[in-house]
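Heads up: the protein sequence lines correspond to chains A, B and C, in order.
Everything in the first sequence is counted per the UniProt record's numbering, starting at 1 for the first residue and increasing by one.
Everything in the second sequence is counted per the UniProt record's numbering, starting at 1 for the first residue and increasing by one.
Everything in the third sequence is counted per the UniProt record's numbering, starting at 1 for the first residue and increasing by one.
Honestly, I wouldn't trust all of these hints.
What the hints assert, rightly or not - DEER-style ranges, computed between Cβ atoms: (1) Ser174/C with Ala142/A: 33 to 41 Å; (2) Asn104/A with Val120/B: 43 to 51 Å; (3) Glu130/A with Gln95/C: 45 to 53 Å; (4) Ala117/C with Asn119/B: 20 to 28 Å; (5) Ala71/B with Leu75/C: 28 to 36 Å; (6) Thr74/C with Val118/B: 29 to 37 Å.
These aren't lab readings, by the way, just hints derived from the structure by calculation.
The structure presented is a predicted model; accordingly, all values stated were derived computationally and were not measured.
Each residue gets a CB set at the ideal place from its N, CA and C atoms; glycine is no exception.
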Amino acid sequence: AGWSDSSQVSSPERDNETFNSGDSGQGDSRSMTPVDVPVTNPAATILPVHVYPLPQQMRVAFSAARTSNLAPGTLDQPIVFDLLLNNLGETFDLQLGRFNCPVNGTYVFIFHMLKLAVNVPLYVNLMKNEEVLVSAYANDGAPDHETASNHAILQLFQGDQIWLRLHRGAIYGSSWKYSTFSGYLLYQD
Amino acid sequence: AGWSDSSQVSSPERDNETFNSGDSGQGDSRSMTPVDVPVTNPAATILPVHVYPLPQQMRVAFSAARTSNLAPGTLDQPIVFDLLLNNLGETFDLQLGRFNCPVNGTYVFIFHMLKLAVNVPLYVNLMKNEEVLVSAYANDGAPDHETASNHAILQLFQGDQIWLRLHRGAIYGSSWKYSTFSGYLLYQD
Amino acid sequence: AGWSDSSQVSSPERDNETFNSGDSGQGDSRSMTPVDVPVTNPAATILPVHVYPLPQQMRVAFSAARTSNLAPGTLDQPIVFDLLLNNLGETFDLQLGRFNCPVNGTYVFIFHMLKLAVNVPLYVNLMKNEEVLVSAYANDGAPDHETASNHAILQLFQGDQIWLRLHRGAIYGSSWKYSTFSGYLLYQD
């Protein structure tokens with residue numbers, strides 16, 4: 001899409017026209033298409049100059065939700081998901097509940113997990129491979145729902161895996177999607 | 001700003017100097033200004049080469065807050081706002097509480113809503129047009145404040161509307177801005 | 001990947017031209033390396049054309065956590081941190097708990113603070129210099145943990161300082177990092 005848009009902007013047919021800034025909103029700022037630039041020498045001969053494209057930053061963003069409860073009853077289970085709101089770059093494995101880092105860079109992660117209305121506190125860990133990055137807790141005096149949530153911004157390397165671990169407790173799932181986990185690439189290295 | 005910064009980089013006075021990479025940190029990476037590049041042929045004639053700008057990614061970010069309570073008393077009311085921390089791109093309608101998607105792309109949304117200290121649970125839905133994307137819940141054994149929050153990353157199309165629906169309950173507003181709703185464009189298509 | 005895709009599409013002349021795609025492939029996707037493009041005029045003289053790099057957007061992202069409790073006992077104390085998950089751009093001062101804005105732009109901030117399990121409510125303010133931007137509250141009928149969290153998207157100017165103020169209450173810290181504060185540059189002006 002970025003290609004076809006920008007190639008219109010940079011097509012040789014356009015080079016003798018005055019630049020139309022209106023076109024510059026159409027394309028993708030992170031890609032650049034070759035520009036054929038006419039060079040007028042004293043003899044007015046046209047010399048095409050080919051400017052080659054910039055490499056485009058990868059686009060990575062996932063957003064997953066649970067539409068059913070998760071109550072494993074054993075400690076330290078991975079939180080898996082059953083619905084994807086978004087999986088740009090196809091990096092998130094719904095069944096494993098794991099994000100597979102496709103390229104080195106700075107990534108943002110955020111999660112919200114609603115506890116079941118039972119008298120057991122909820123402990124959730126955001127994991128990088130087997131390491132606890134950040135954690136969240138939710139409990140209630142009364143057996144009610146409450147949300148455990150947290151976030152992190154991380155430098156990751158290709159092949160790192162980010163996932164949520166249900167240390168203890170049970171998660172409420174419904175079609176209204178109270179329990180969510182998302183992440184995206186902020187800056188590619 | 002990006003324009004004037006970059007135009008300094010590409011000013012004709014600079015073209016005979018060796019490239020100073022220190023300059024490349026000054027400007028805005030998402031815009032590119034035309035560069036007049038003198039080409040010295042064997043006869044030392046100056047031939048200008050016009051390199052056309054990259055299309056610039058749109059910049060879209062809003063951040064809204066409530067400074068007064070919202071207690072409609074009827075179900076499924078839109079959550080409107082009375083204060084804007086930011087509205088880059090002028091996409092958020094404060095009175096309607098609606099974000100109007102200006103361009104296809106991947107967007108991030110997040111909200112935090114503090115319930116009034118009353119014995120009614122708070123249910124909030126993040127809506128795309130008339131569809132529930134994700135939801136949040138807050139309640140307390142005691143009639144106290146508690147925050148309902150969630151987030152989503154979505155592929156949207158121009159004209160989509162994102163808004164918060166107060167399904168049930170009442171929201172606490174104050175000049176300290178406990179109840180907020182924000183979103184931004186992560187990747188333009 | 002972006003590079004090889006584009007180069008296939010965009011270089012019909014690559015068969016007979018000597019262009020080192022390796023050079024453009026190496027760099028950051030948001031920067032551009034100077035390209036010397038040989039131009040053959042009718043007299044077959046080589047005219048080098050210097051295409052100047054795009055200015056690169058600054059990369060700013062921090063993510064901090066507390067691994068020990070914070071219970072100052074006096075109102076309106078800065079929340080300082082003792083662990084950095086990330087400090088891209090070296091903008092966050094751990095000891096002061098302050099983010100120093102290095103360049104004008106649009107920034108995103110988010111925090112999660114878990115209160116100590118004591119019978120004192122937790123009030124946290126996100127501050128810009130000495131101004132309250134947004135706030136968060138957590139309490140419990142029972143003396144239990146609960147998270148105070150909020151976020152904001154802001155237009156900042158170079159030299160602005162963003163920090164968290166513990167208005168009242170006490171924060172729980174542990175090696176599991178329940179209490180976190182992060183921010184990043186979304187769009188550089």
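Going through the hints against the structure:
Range check, Ser174/C to Ala142/A: about 25 Å between beta-carbon atoms, so the 33 to 41 Å window is missed. Here the CB-CB span from Asn104/A to Val120/B is close to 48 Å, well matched to the stated 43 to 51 Å. Checked against the hint of 45 to 53 Å, the C-beta distance between Glu130/A and Gln95/C comes to roughly 31 Å, which is inconsistent with it. Remark: the range hint 20 to 28 Å for Ala117/C to Asn119/B is upheld by a beta-carbon distance near 23 Å.
Between Ala71/B and Leu75/C the beta carbon distance is about 29 Å. The supplied range of 28 to 36 Å therefore holds. For Thr74/C paired with Val118/B, a C-beta distance near 31 Å keeps the hint of 29 to 37 Å intact.
When held up to the earlier numbered hints, the structure conflicts with 1 and 3 and fits the remainder.
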